[in-house]
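Chains as they are written, first to last, in my numbering: chain H, 1 to 112; chain B, 1001 to 1224.
Treat the hints as calculated values from the structure; they're not laboratory data.
Ideal Cβ placement from N, Cα and C applies to all residues, glycine included.
Lysine-lysine pairs mimicking DSSO-like chemistry, simulated, CA-CA at most 27 Å apart:
| id | chain 1 | residue 1 | chain 2 | residue 2 |
| --- | --- | --- | --- | --- |
| 1 | H | Lys69 | B | Lys1104 |
| 2 | H | Lys88 | H | Lys38 |
| 3 | H | Lys78 | H | Lys88 |
| 4 | H | Lys38 | H | Lys69 |
| 5 | B | Lys1102 | B | Lys1113 |
| 6 | H | Lys88 | B | Lys1102 |
| 7 | H | Lys88 | H | Lys69 |
| 8 | B | Lys1104 | H | Lys88 |
| 9 | H | Lys78 | H | Lys38 |
Now the stretches of chain B that chain H is said to cover, found in silico as 3 or more residues with beta-carbon under 8 Å:
| id | region |
| --- | --- |
| 10 | 1040 to 1054 |
| 11 | 1130 to 1137 |
Below are the chains, spelled out letter by letter.
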Amino acid sequence: MRTLVAYTMSLALGLGVWAVSVPVAQAGPGDIVFEREKAVGVDPAVFPHWIHRIRYTCSVCHPALFQMKRGEDPVTMKSIAAGEHCGKCHNGRVAFPISLTTCVRCHYIPAD
Amino acid sequence: MKLILARTRRVLGAWRLTRLRSGSLRLVALASALLFVACESRTRYLVLSRLVDGMPSYEEWLESSPPKPLRRYAPRKTREALAPAPVMPTPEPARNEIEQAKAKDEAFAMLPKDDSGAVDWVAALREGVISPRTAIEGGGEPLEQMPIDVEIGAEDPATSAIFPHPAHTQIILCDSCHPEPFQMAAGSTEMSMDAMYEGRLCGQCHGTVAFGLESCGRCHPNMR
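Can you make the complete structure from the sequences, with help from the hints?
Below is the structure:
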């Protein structure tokens, strides 16, 4: 009986871990996975280039908002909340805002 | 005077009655106090700053999301108000079918491909599969195209390449490529395929966000 309970619990735990770590989107050409300065418990942010270039020309973001070379712009949640970088559009008016219900739309582990 | 005293006594008596004598009442009071504390903005900030990295300071955060004033009476909730708010705002109508695609595979199935199987974004634009906006809001005006094709000569003419300015300038501005990594005068930047494989020059975009170096014929017309 005790082992049965233990098995069920570990299965539930495993399923739970799998559910939160399962990638929600596939990787595309030119995707950028943001590297962090320090490790935190949230998945890294992924910028899917393709979904943006379907809707906008390069010139909308480059080089005014983002320099061409990756890693040159210090993108932080603070800067986004202040309406810079991604926050220029991701403010709830042009595109989805940053909020506790939209975290996983950017923070996920892309599938290969 | 007597009247005032009597009234004060009555009020005090009522106050005494509400004192939290029984255990269940105390529990309810504790729960409501906890709920009140959890809704308090500083507590919310503490929890949020644990979950989200790079939160602004408390004062800045408070300014950007001012606490809602307490309402004495909750407004009547209509069916519309109870429906979940749409996450994706649609300030502008979709311009193409592809903008309504729900998944990456669905979108990529609509995009034209070149001989190597890479997405041909230039063809997508030409065929009207995509009609990208040139401004964050309002759609923007089409970009002014630079008409000159630049021939990048090689010792062996079979390997010379063509750089088409028009295909690039319809989506990207001059200052993204000039003067870094390409100097303005033709021939002044030394080009090599090695540099591109290292992710420099054309390789900064081609191989990442644009078609890769395996699509030879798209730059080297004699290698088609």
